[in-house]
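Add chain F to chain L, keeping to what the hints say.
Chains L and F, in that order, give the protein sequences. For the first sequence, numbering that gives the first Met the number 0 puts the final residue at 232, and the numbers step up evenly by one. For the second sequence, numbering that gives the first Met the number 0 puts the final residue at 117, and the numbers step up evenly by one.
Hints were generated in silico from the structure; no laboratory data involved. It is possible that part of the hints are untrue.
Unchecked claim - Here are some chain L residues the structure puts well away from chain F; computed CB gaps all over 12 Å: (1) Leu-10; (2) Pro-45; (3) Gly-169.
Unchecked claim - Ranges of calculated distance between the beta carbons of each label pair, as one might list FRET restraints: (4) F:Asn-92 <-> L:Ser-82: 35 to 43 Å; (5) F:Glu-5 <-> L:Tyr-121: 25 to 33 Å; (6) L:Leu-167 <-> F:Glu-5: 44 to 52 Å; (7) L:Asn-193 <-> F:Ser-79: 21 to 29 Å; (8) F:Glu-5 <-> L:Asp-26: 33 to 41 Å; (9) F:Asn-92 <-> L:Gly-15: 32 to 40 Å; (10) L:Ser-82 <-> F:Phe-62: 48 to 56 Å; (11) L:Phe-23 <-> F:Gly-10: 31 to 39 Å; (12) F:Tyr-109 <-> L:Ala-152: 15 to 23 Å; (13) F:Asp-103 <-> L:Thr-106: 23 to 31 Å.
Claimed, not checked - Reference listing, derived: stretches of chain L covered by chain F, where coverage requires no fewer than 3 residues with Cβ under 8 Å from a Cβ of chain F: (14) 98-106; (15) 110-120.
We treat Cβ as the ideally placed atom computed from N, Cα and C, and that holds for glycine.
Residue strings, one per chain:
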Amino acid sequence: MKMKKILVISLLAVFGVYLAEVLFKLDFGRQFFQQGVKDFYLITSPIKLQVANTVTAIVVNFRGFDTLGEVTVLFLATTAMGSILYKGRHQLGERTVLFSGSRIVTTGSRLLFPAIILLGAYVFIHGHLTPGGGFQGGVIIATGFLLMLMAYADYTVSHVVLSVVESLAGITFATIGLLGMLHGGSFLQDFLPNGSLNDLLSGGIIPIIYIAVGFKVGAELTGLIYTALNEKD
Amino acid sequence: MNQILEIIGMGLLLIGSIFLFLGGLGIFRMPDTYNRLQAGTKATTLGGMSVILSVGLLEPDWFIKTLVLVIFIALSNPISSHALARANYKRKNYPYLKGGKEYDKYREVYQKEEEETA
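Bound conformation, chain L alone (with noise of 0.2 Å):
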């Protein structure tokens, strides 16, 4: 057994040191590195468009048609899981989750909930500042909804409000790109003033859009668990 073990190891750091000789040698792609986009991109978004997270400015202003196809195919799959699982107006309020959680659950939740729905809110808002952005922050906001459905039994999300927000977003991000157009340039045009480097309000368009990303995912992504818990089979 100790044999064993040891032998285990020795090949192991075998491996290991022919794996690290061979990620030496290699020079990643460097020769990439040395040309233009991403130059572009590292000078363009600090400088001319005052948004210090250049991965948000890349999705949502350089490249923010792209990203209202992302929210369309997220919209069109969280519609038809729902169609998979929906199984009628009736039969909606039997759960796979029977109980409630203890005591200990159900006031923990309750303290965490405005806690995580905080955190979801601040990493979209600084969607512009800092990591993390629209998508990333609705899901944050769906896994608070996530807990209160566990550890409630009797938790109900009214499906209509969630539309009503999803397609209120949809509906703001849409009439951005359209608002550019009127502004006299193409659809998603960044047409509000940039401000300076580091500020809330600043970046143009961005938090506006990724406010409404924000809306748009975290009310999919409820709705869908919501629904996927309702399902008794």
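Below, chain F alone, put in the same frame as chain L:
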């Protein structure tokens, strides 16, 4: 002043990493679910809290944010371990004890409760 903060922060970092290491070792070494839960949550609660607090002391600008994080860990980690242990007990996965049943005082109460609700 800064130097004192730095020394305290480094000390907390050391304590935190020792506890996190012991927690990991405990998950590997302990015999049953409850002992593993104790190692995996009690030790990581203290370890995580002191590591985060030490970051706050080494970078005084972040102190309030790290304090919020510490409060969050103090709330969430024990609750989640409680939920896991309770779920495990409800599945009749009773603790591993050398002396046998008489050390598990909760079992009689629990079984009586079960009979009453059934």
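To see whether the hints hold, each was checked on the structure:
{"no.": "1", "hint": "Leu-10", "verdict": "21 Å, holds"}
{"no.": "2", "hint": "Pro-45", "verdict": "21 Å, holds"}
{"no.": "3", "hint": "Gly-169", "verdict": "32 Å, holds"}
{"no.": "4", "hint": "F:Asn-92 <-> L:Ser-82: 35 to 43 Å", "verdict": "38 Å, holds"}
{"no.": "5", "hint": "F:Glu-5 <-> L:Tyr-121: 25 to 33 Å", "verdict": "29 Å, holds"}
{"no.": "6", "hint": "L:Leu-167 <-> F:Glu-5: 44 to 52 Å", "verdict": "50 Å, holds"}
{"no.": "7", "hint": "L:Asn-193 <-> F:Ser-79: 21 to 29 Å", "verdict": "43 Å, violated"}
{"no.": "8", "hint": "F:Glu-5 <-> L:Asp-26: 33 to 41 Å", "verdict": "38 Å, holds"}
{"no.": "9", "hint": "F:Asn-92 <-> L:Gly-15: 32 to 40 Å", "verdict": "38 Å, holds"}
{"no.": "10", "hint": "L:Ser-82 <-> F:Phe-62: 48 to 56 Å", "verdict": "49 Å, holds"}
{"no.": "11", "hint": "L:Phe-23 <-> F:Gly-10: 31 to 39 Å", "verdict": "36 Å, holds"}
{"no.": "12", "hint": "F:Tyr-109 <-> L:Ala-152: 15 to 23 Å", "verdict": "20 Å, holds"}
{"no.": "13", "hint": "F:Asp-103 <-> L:Thr-106: 23 to 31 Å", "verdict": "26 Å, holds"}
{"no.": "14", "hint": "98-106", "verdict": "holds (count 4)"}
{"no.": "15", "hint": "110-120", "verdict": "holds (count 3)"}
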